[in-house]
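Enquirer: Given next are the chains, with one letter for each unit.
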Amino acid sequence: MTAEKPEENQAAKTPSDQPDETARREFIAKAVSVFAGGAIVSVPIGVGVATLLGPAFKEGQGGIKIRLAALEDLPGDGSPKLYQVVAERKDAWTKYPQKPIGSVFLQKLEDGGVIAFNSSCPHAGCSVGFKSKEVGYYCPCHESIFLLDGSRGDPCVSPRGLDSLEVDKERLNGGEVWVTFQNFAAGIEEKKAI
Amino acid sequence: MKRFLDWIDDRTGIAKLTREALFESVPGGARWRYVWGSTLSFAIMVQFITGIFLWMAYSPSATTAWESVYYIQNEMSYGWLLRGIHHWTAQIMVVLLLLHLVQVVIDSAYRAPREFNFWFGVILLFITLAISLTGYLLPWDQKGFWATKVATNLAGIVPFIGDDIQKVIIGGSDYGHHTLTRFFALHAGVLPGALVALIVVHIYLFRRHGITEAKPATRAGALYYWSLLGVVFGTLTALAFAFEENTKQWVPKIVCGAFIAILVRIGFLIRSGKDDDSPTRPKRDGMFWPDQILKDAIACAAVMGAVLFFVFWKGTELTPPADPSQPYNAARPDWYFMSLFQMLKFSAFEGAFGLLIGAIFVPSILVTAIFIMPLIGQSKKGHWINVVMLYSLIGGFVILTAMGFNHDANDEEYKQGVLNAHAEAERLNELIDINGGIPPEGALTLLYNDPKIRGARLYAANCASCHPFGGTDGLGGKAKDPSAPDLKGVGSKKWIAGLLDHNRYVSEEYFGKTKFSKGKMARHLKDIDMLPEDIEVVSAALASEAKVYGYSLPEGGQDFIDSGFDLMFEDFECADCHGIQGEDEGSGPSLTGYMSRDWMIDFIGDPTHEKFYGKKNDRMPSFLGAKQEDGTMKAGELSRKEVELIVGWLREEWPRASE
Ligand code: FES
Numbered sequence: 001m002t003a004e005k006p007e008e009n010q011a012a013k014t015p016s017d018q019p020d021e022t023a024r025r026e027f028i029a030k031a032v033s034v035f036a037g038g039a040i041v042s043v044p045i046g047v048g049v050a051t052l053l054g055p056a057f058k059e060g061q062g063g064i065k066i067r068l069a070a071l072e073d074l075p076g077d078g079s080p081k082l083y084q085v086v087a088e089r090k091d092a093w094t095k096y097p098q099k100p101i102g103s104v105f106l107q108k109l110e111d112g113g114v115i116a117f118n119s120s121c122p123h124a125g126c127s128v129g130f131k132s133k134e135v136g137y138y139c140p141c142h143e144s145i146f147l148l149d150g151s152r153g154d155p156c157v158s159p160r161g162l163d164s165l166e167v168d169k170e171r172l173n174g175g176e177v178w179v180t181f182q183n184f185a186a187g188i189e190e191k192k193a194i
Numbered sequence: 001m002k003r004f005l006d007w008i009d010d011r012t013g014i015a016k017l018t019r020e021a022l023f024e025s026v027p028g029g030a031r032w033r034y035v036w037g038s039t040l041s042f043a044i045m046v047q048f049i050t051g052i053f054l055w056m057a058y059s060p061s062a063t064t065a066w067e068s069v070y071y072i073q074n075e076m077s078y079g080w081l082l083r084g085i086h087h088w089t090a091q092i093m094v095v096l097l098l099l100h101l102v103q104v105v106i107d108s109a110y111r112a113p114r115e116f117n118f119w120f121g122v123i124l125l126f127i128t129l130a131i132s133l134t135g136y137l138l139p140w141d142q143k144g145f146w147a148t149k150v151a152t153n154l155a156g157i158v159p160f161i162g163d164d165i166q167k168v169i170i171g172g173s174d175y176g177h178h179t180l181t182r183f184f185a186l187h188a189g190v191l192p193g194a195l196v197a198l199i200v201v202h203i204y205l206f207r208r209h210g211i212t213e214a215k216p217a218t219r220a221g222a223l224y225y226w227s228l229l230g231v232v233f234g235t236l237t238a239l240a241f242a243f244e245e246n247t248k249q250w251v252p253k254i255v256c257g258a259f260i261a262i263l264v265r266i267g268f269l270i271r272s273g274k275d276d277d278s279p280t281r282p283k284r285d286g287m288f289w290p291d292q293i294l295k296d297a298i299a300c301a302a303v304m305g306a307v308l309f310f311v312f313w314k315g316t317e318l319t320p321p322a323d324p325s326q327p328y329n330a331a332r333p334d335w336y337f338m339s340l341f342q343m344l345k346f347s348a349f350e351g352a353f354g355l356l357i358g359a360i361f362v363p364s365i366l367v368t369a370i371f372i373m374p375l376i377g378q379s380k381k382g383h384w385i386n387v388v389m390l391y392s393l394i395g396g397f398v399i400l401t402a403m404g405f406n407h408d409a410n411d412e413e414y415k416q417g418v419l420n421a422h423a424e425a426e427r428l429n430e431l432i433d434i435n436g437g438i439p440p441e442g443a444l445t446l447l448y449n450d451p452k453i454r455g456a457r458l459y460a461a462n463c464a465s466c467h468p469f470g471g472t473d474g475l476g477g478k479a480k481d482p483s484a485p486d487l488k489g490v491g492s493k494k495w496i497a498g499l500l501d502h503n504r505y506v507s508e509e510y511f512g513k514t515k516f517s518k519g520k521m522a523r524h525l526k527d528i529d530m531l532p533e534d535i536e537v538v539s540a541a542l543a544s545e546a547k548v549y550g551y552s553l554p555e556g557g558q559d560f561i562d563s564g565f566d567l568m569f570e571d572f573e574c575a576d577c578h579g580i581q582g583e584d585e586g587s588g589p590s591l592t593g594y595m596s597r598d599w600m601i602d603f604i605g606d607p608t609h610e611k612f613y614g615k616k617n618d619r620m621p622s623f624l625g626a627k628q629e630d631g632t633m634k635a636g637e638l639s640r641k642e643v644e645l646i647v648g649w650l651r652e653e654w655p656r657a658s659e
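Going down the list, the sequences are from chains A and B.
Going by this note's numbering, the first sequence opens with residue 1, and the numbers climb by one from there.
Going by this note's numbering, the second sequence opens with residue 1, and the numbers climb by one from there.
Excised from the complex, chain A in its bound form:
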């Protein structure tokens, strides 16, 4: 609609032998129709686009704290174990009391601490698996290898190592592993929560 505007302007400006007054009236009539038409159509389009773009302005549901295991249940030899994350989640209109939303590797460290990695590959989001203590983690999509401490191995096309998740220190002292589960933007160097 608005694209027609320049053309209309030009038409109005072409010199003619009509009296000025008629040309002016005609120009106003054209300009008003174009603007009014554009304005009217922009209402439905604008509203539609506003709902479409809505998610861009909404924050994600953020991290959730969740108990995954007791400390002594983790393999003592330091090999990682995959835990499913099941949590209450809202998806548009549905509230799931128990929804599988991701999975986390837990690994007992020698000093008694625990590290947790989101199993989602930081390259493009496939699920990373654990190969062996020698090789480390392996992503079956673009064949990236991550070392046992989550850092980038070789080969590894991923821009960063596995995303570690926060483990609650206090509860860990009490023998329980609680983790803040969160997803991070893939494909960039920075570890950015989404």
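You may find that some hints are simply not true.
In silico contact screen, one side only, chain B against chain A (beta carbon under 8 Å); selected entries [stated by the list, open to error]:
no., residue
1, Asp163
2, Gly172
3, Asp174
4, Pro327
5, Asn329
6, Ser347
Subject to a maximum C-alpha distance of 20 Å in a straight line, what follows is the list of computed SDA-like cross-link-like pairs (lysine to any residue) [as the list claims (entries may be wrong)]:
no., chain 1, residue 1, chain 2, residue 2
7, B, Lys415, A, Ser132
8, B, Lys513, A, Asp77
9, B, Lys478, A, Lys191
10, B, Lys627, B, Tyr613
11, B, Lys520, B, Glu585
12, B, Lys547, B, Val490
13, A, Lys65, A, Glu88
14, A, Lys131, B, Gly476
15, A, Lys191, B, Thr50
16, B, Lys314, B, Thr50
17, B, Lys611, B, Glu653
18, B, Lys515, B, Leu531
19, B, Lys515, A, Pro75
20, A, Lys90, B, Ser347
21, A, Lys95, B, Val200
22, B, Lys494, B, Ser507
23, A, Lys81, B, Ser507
24, A, Lys191, B, Leu356
Calculated from the structure, these hints are not laboratory results.
Given the structure is predicted, the values throughout are model-derived calculations rather than measurements.
All residues carry an ideal CB built from backbone N, CA and C; glycine is no exception.
Chain A is fixed; fit chain B with the ligand onto it per the hints.
Expert: Positioned in the frame of chain A, the structure of chain B with the ligand alone reads:
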């Protein structure tokens, strides 16, 4: 009738329109090589028709998408055929589009004044790819879900606005209902709408400029193309027979039939000509109707035939429902995106910047290169640049695609991922049958409550790090460094018999890597040195306590079993340590109800219970929690439900269709 038609024509001008549409002249006569555009229009029409009927049965939401597709595929009459045609036509459409593009470039049909038509055509190509990409997700199965996750994550790396683009596409920061509603609106509304609008312009422009006349057909040319086709089908025939066992019986026959038909055609061509460069027919102009339309119709029939061939041969895959917590080792895009996928594995595209180049810049440059072809190709030299560029593009596409598939064909994890997905999908179908339908929360709940599927997964996650299962992790993967008894067939007579054999007891198959290999039981087994017939009777007695799935009374009946217990009490002094048939419990694990469902649940729940190993327990966790020394309860790692599922799986007690 005539008057009625005239009446209509008078008010609509339809006669003129039809005349114009049909009586277009085809310079140089109708030709086979002009059929591609028509086959494409035909394929698009097929997609619209089948798509609309699919739409009538499809429901886009995270709890109904997979379920409605399942229904279409398995229960709706001819639904499998409808979905099959839609799926396979989409595949063939991509091939036709590429052929169409190749032909246009080779014939330099983009030269002035046809540039705009070329550009519209290229846009159409990308709209089609976008429709395919969005359609891939709609069944909301594991395959579509993971591929879409990768694709949308790649959209997310676009500089500055990537995040927002990604959120808008998936309708939030999590994948769910709105991802599906958005993809569906794009797939069935926005993109097809744009497609139709552009096709109208494309065909209008095509008609405005007329067909690009190709060089006159010659016998040599025809021979060349038919021989090319012959080589392709010859190879396919060879392949089909080489892999005969892996495919349906009729597949090689049909491929071979097509090959023979091509050979016959070549034979006729050879017989008919005198001079190799003579045109196959006098050069005279033809009419679109009926000359070209007849050829078009035959070509379209061939397309439909190919589609049906694939529907019947390959079927149409539906992997298990999407589950973000369930790793899927076979996450791959559809084949026409395989080259891009494969490219991202190269170290040249490593890191954030590399990914940006590989996933965004390189494709954009290639697209731009195709777009400016008409500008380059105005001169003869430019034309050759284009042809070389196109062939290298296609060469790259083919090589990368082949590399990708070749890698997968040799990748055990990938293959296991596909096998597991198919097995799970099949099992889910069975469960839906047994249940008489899908519960309102969705099909995933059936899988999550099934001992056969979920039990195996739980076993792999919680038990397999110590206990192998027939040498595997329970899901077909390799067991990693096992240290405790292999539990495949646990509780069966065969398994128990192995346990009673001293040599096997102390081997890695059973307790070789635990402290029990040097324990009392190991010594006792060595001392009593049971004869094979003793083992036979005693294991029969214990198996009658376990009664795993498929248990039946031994040949000797109850007497045989009783004699087994007698042996245990009297000859082998088992009762000194073990409680048997409800008699006093001893220091060893109770054998009352040995390996029965309840026994196993209790045992896995807490092996440190005095009924079982007590303090002698070696490393096995109390999965349902245990009383600690200070009297407090320590929580276990699994829920009772989960332990039940594991036990159900080990004992093979899962719902079966025949029951
Ligand atoms: S998604 Fe893991 S390597 Fe690409």
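Enquirer: All the hints need checking, so say for each whether the structure fits it.
Expert: Each hint, compared with the structure:
Checking aspartate 163/B against chain A by beta carbon gives a least distance of about 7 Å; that is within 8 Å, so the hint holds. Taken as an interface hint, glycine 172/B checks out: its beta carbon lies about 5 Å from the nearest beta carbon of chain A, inside 8 Å. For aspartate 174/B, the shortest C-beta to C-beta distance to chain A is roughly 7 Å, which falls under 8 Å, so the interface hint holds. Checking proline 327/B against chain A: minimum C-beta separation of about 4 Å stays under 8 Å; hint holds.
For asparagine 329/B, the shortest C-beta to C-beta distance to chain A is roughly 5 Å, which falls under 8 Å, so the interface hint holds. The closest approach between the C-beta of serine 347/B and any C-beta of chain A is roughly 6 Å, which is under the 8 Å cut-off, so the hint is satisfied. For the suggested pair lysine 415/B and serine 132/A, the alpha carbons sit about 19 Å apart, so the restraint of at most 20 Å is met. Restraint check: the Cα-Cα separation between lysine 513/B and aspartate 77/A comes to about 15 Å, which is no more than 20 Å; the hinted pair holds.
Distance restraint check for lysine 478/B and lysine 191/A: the Cα-Cα separation of roughly 33 Å exceeds the 20 Å cut-off, and the hinted pair is therefore not satisfied. This hinted pair checks out: lysine 627/B and tyrosine 613/B have alpha carbons roughly 14 Å apart, not beyond 20 Å. Of the supplied pair hints, the one linking lysine 520/B and glutamate 585/B holds, its CA atoms being roughly 16 Å apart against a limit of 20 Å. Proposed proximity of lysine 547/B and valine 490/B is supported: the alpha carbons are some 11 Å apart, at most 20 Å.
Only pairs whose Cα atoms come within 20 Å are accepted, and lysine 65/A paired with glutamate 88/A is accepted, the gap being roughly 11 Å. Our distance criterion of 20 Å between C-alpha atoms is met by lysine 131/A and glycine 476/B, whose separation comes to about 14 Å. A hinted pair counts as satisfied when its Cα atoms are at most 20 Å apart, and lysine 191/A with threonine 50/B does not qualify at roughly 44 Å. Note on lysine 314/B and threonine 50/B: the hinted pairing holds, with a Cα-Cα distance of about 19 Å set against a maximum of 20 Å.
Between the alpha carbons of lysine 611/B and glutamate 653/B the distance comes to roughly 24 Å, so the proposed pair goes past 20 Å and is violated. Between the alpha carbons of lysine 515/B and leucine 531/B the distance comes to roughly 25 Å, so the proposed pair goes past 20 Å and is violated. Under the criterion of a C-alpha separation no larger than 20 Å, the hint pairing lysine 515/B with proline 75/A is consistent with the structure, at around 18 Å. Our distance criterion of 20 Å between C-alpha atoms is broken by lysine 90/A and serine 347/B, whose separation comes to about 39 Å.
Only pairs whose Cα atoms come within 20 Å are accepted, and lysine 95/A paired with valine 200/B is rejected, the gap being roughly 45 Å. For the hint pairing lysine 494/B with serine 507/B, the CA-to-CA distance comes to about 16 Å; that is within 20 Å, so the pair holds. At most 20 Å may separate the alpha-carbon atoms for a hinted pair to count; lysine 81/A and serine 507/B exceed this at roughly 26 Å. Distance hint between lysine 191/A and leucine 356/B is fulfilled; the C-alpha atoms sit about 16 Å from each other, no more than 20 Å.
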